[in-house]
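Undergrad: These protein sequence lines are chains W and Y, in that order. Heads up, the final residue of the first sequence is numbered 116 in this note's numbering, and it's a clean run with no missing numbers. Heads up, the final residue of the second sequence is numbered 112 in this note's numbering, and it's a clean run with no missing numbers.
There's no promise every hint is true.
To give an idea of the interface, some chain Y residues facing chain W are shown, with a C-beta separation under 10 angstroms as derived from the structure [said to hold, decoys possible]:
#1 Tyr51
#2 Gly54
#3 Thr86
#4 Gln104
By construction, these hints were calculated from the structure, which means they are not laboratory data. Keep in mind the model is a prediction, meaning the values are calculated, not measured. Beta carbons are placed, not taken as given, at the ideal position from N, Cα and C, and that holds for glycine.
Each chain, letter by letter, is given below.
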Amino acid sequence: SAVISQKPSRDICQRGTSLTIQCQVDSQVTMMFWYRQQPGQSLTLIATANQGSEATYESGFVIDKFPISRPNLTFSTLTVSNMSPEDSSIYLCSVEGPGSGQYEQYFGPGTRLTVT
Amino acid sequence: QKEVEQNSGPLSVPEGAIASLNCTYSDRGSQSFFWYRQYSGKSPELIMFIYSNGDKEDGRFTAQLNKASQYVSLLIRDSQPSDSATYLCAAGGGTSYGKLTFGQGTILTVHP
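Full structure from sequences and hints, please.
TA: What follows is the structure, given as structure tokens:
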């Protein structure tokens, strides 16, 4: 599977500010995904990011709040804008596995965000 | 509403026993099913995936899929304390091409 890194690994931010999270993959991938995992909860998909096109957002998530960039096949960023304490979560990027065609995904280490 | 449901547990088993984790899904179009293990403070790790009816074995892990019943399970044989984690079931494919829907996760505790 691909090696995925995320920066930062954690951050503490003040409400009203924005944070950009980076996701880097060691191989080219078509689809990258951004998830949120709130404390004690499962994973919720925020959006799907394909290179060269606009990200596709899930119900309840909007581009103004979570703008995403996907400039190439190995990199993506997620920005959490105008943060509030409710945005305190772990943010995870994932990529599809190579070759099997069965949609398996592999996750980066995550970014733990605390908003005060 | 596409859903994946799991018993949140906690499920507690003694060391050496078989742990049985269950999952149901609502989208009949789902094609692939995944089990992730998540240790506290860590990201999910893919441990098994299955897309054909029946059993799939990998070491101490066996995934079982019954599409007619929309049911997926994970058996962990010879459970070890290091297996203590949250296990997440996910479904993908079908009308939600490329996207995975996750269950709430089952907390497993293996006690010595």
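Undergrad: Each hint should be assessed against the structure and marked as holding or not.
TA: Structure-based check of each hint:
Contact between Tyr51(Y) and chain W, as hinted, is supported at the beta carbon level, the nearest pair being about 5 angstroms apart and thus within 10 angstroms. Using the Cβ-Cβ criterion of 10 angstroms, the hint placing Gly54(Y) at the interface with chain W is not satisfied: the shortest such distance is roughly 15 angstroms. Proximity of Thr86(Y) to chain W holds as hinted, the smallest CB-CB distance being about 9 angstroms (cut-off 10 angstroms). Given hint, Gln104(Y) at the interface with chain W, holds; its Cβ is 5 angstroms from that chain's nearest Cβ, closer than 10 angstroms.
Hint 2 from the list above is the single one not met by this structure.
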